[in-house]
Every structure is written in C-alpha cells, then in structure tokens.
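Chemist: Below are the chains, spelled out letter by letter.
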Amino acid sequence: MSQRAKNRRRHSDKPLIVTPLIDVVMVLIIFYLMVGAFVSGDYEDMLLPLAVYGDDVSGGAVYTVNVLTRPGEDGVDRPAIIVQGRPTSVAELTGDVRALLLREPGTVVQLRAARDLPYGSVEPAVRALAQAGVREMRLVTESAR
Amino acid sequence: MRTSQRNLRSRRRGVHGGGPNMTPMVDVVLVILIFFMAAMGLAVREHFIRTGAPSAAADAGRAPGPSAALPDDPLPASRAVLRLVRDDRRTLVSGLGMTRVGISEVDARLQQFAEAGAAESVIVIVAPDADVPYQDVVLVHDACARAGVANVRLGLTPGPPEVSPG
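Residue numbers (this note's numbering), protein chains in the order written: chain A, 35 to 179; chain B, 957 to 1122.
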C-alpha cells in the first residue's frame, strides 16, 4: 500500500467533530433572527407614551407610521415621519396609505409617536392618514402597568 | 488482537456509550435561552389604544357643527369635545362640564359621564392644541378608554368648538 493511501485511510478513521460547527451555526441563526426582528423597518427606537389601558400589540399585518425627532441635514433635530425605515413626506404618506387601503381595505394602521413630541408635530401624520381614508387607527403606547 | 483494536477505535472516537457528545451544545443552548429570557424581561411591552381619525370636515380645516355627521355615519351622532390647551407647563382640559382642569381630574369626570350612560352614544373628540405634549393626548385617550367611552376621535388644531352631548 502506498504512503498516500495509508494517509487517506488514517484521515478517514478520525471521527468528524461537528459540535463546534453546530454551536457556531446556532449562534449565527439566533443572531440573525434577533437582528431581523429589530431591524424590520417598522421598528423605530423611541420613548412611547405611557398608558395604563391598552391591548397587546400582536404581530398581525399592520401598517406602522413612526413619528419621532431625527437630526436634519443641518444637524438640528426635527420631527420626521418614518415608514418602513425611511423618511416620508405627508403627501407621500397620504398617497401610499390610500393605495394600500384600496389594495387591502382591512389593513390596520398604527401610529407610533414619541411621547415628548408636541401634538403639532404628530398632527401632520394624523391628518395625512385621515385624508387617505383611515377611519380608525391604533395609538401605540408603552404599558404603564 | 481484535479486542485491542476495537478498544483503540472506541477511544479514538471518544465515545463510550455511543452517540455524539451533546454537552457543549446543551451548554450553548442554555446560555442562549437564559439570554432571551433576560432580554424579554427588559423589552418594552407595547400596547395600543384605538382612536378614530379626524372627521372629513375637521380635516378640511372646518370645525364640525353640532349636527355635522361624517360621510359614512348613518345618523348624526352627539359629540363632545375635550379641548386640551397648554398653560404654564401644564395641560388643561375643557369640555364635558370641565373648565381648564388638570389631566388627573379628567378620570373622575369621565367616570361620571360613563355612569350617566353616555359613554356609548357620544363621540368624544380629543382636540389638543399644537403645543400639547403627545403624552398628554394619550393620557386623555387612556382615561376615555378606562371609562368605557366607545367612540374616541382625534381632533385637529385648532380644535372645534365644544358641543354638548344629547
């Protein structure tokens, strides 16, 4: 038997240790699941208004409109409407929601706005939703219970 | 000779009872489980309160009159407006028999309103001024929801004039 064939046989005899591979793959899967859940576009980190009453936000199909302060091009914080991770103008929001309601009339619309904003900064989004034909919406709150 | 070869093979595998060594995997899975349990405890619990969008009339910048019905409303409904204004870093509420009272007093008045049986028949419009913190707008919605007011709507600035129920 040649030396090469002997070496091959010696290598094939060694058991394959898969445990580290499984460890690493599982950690990666869980990491990506977590990142996917947090960076799902609809999620914007902000302090939500506190409320005692409220139903649990479930993971159903909803259209989320975020209103929060973001630094503008000049570095000054300004209220911004964020939908699916990107800033949206009032006119764009109206058009998008109107088209969405035509496509899927039962869509639930929810408003996530920062608690420290004045209502005057939230109102353009409310007005846009009303103009788009939304009759009822959800105000997302943080449970104070 | 054969027995010693078998023993050597089994030692190479590092297995005595057969099967892979699960201990490191169980270790990692337990650490991840504990991490998620801790993270769930720290996560903010999000809830929601239902509210109606402003009416078409208010949306067009006009204040709805006493009998102004929404286009889809089958019957003109009675409306009560809770007007929220900002005064000296406090939010004051007027409407439903209240005149410039603090938000903490709204609860009691809304309970009386509900006990009078008006909570389901009257549309309550929460009409805040532009400088009222959004937190206070939600607190008034919260009070309405706790009192069992079935139909709460957001108003637009400037708020429509108060309309007595009934």
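If you're looking for bench data, these hints aren't it; they were derived computationally from the structure.
Since this is a predicted model, take the numbers as computed values, not measurements.
The reader is advised that the hints may include incorrect statements.
As the list claims (entries may be wrong) - List time: in silico SDA-like cross-link candidates among lysine to any residue, alpha-carbon distance up to 20 Å:
#1 A:Lys48 <-> B:Asn977
#2 A:Lys48 <-> B:Met978
#3 A:Lys48 <-> B:Pro976
#4 A:Lys48 <-> B:Gln1067
Chemist: Work down the list of hints and note, for each, if the structure agrees.
Modeler: Results for each hint:
no.	hint	in the structure
1	A:Lys48 <-> B:Asn977	holds, 15 Å
2	A:Lys48 <-> B:Met978	holds, 18 Å
3	A:Lys48 <-> B:Pro976	holds, 14 Å
4	A:Lys48 <-> B:Gln1067	violated, 77 Å
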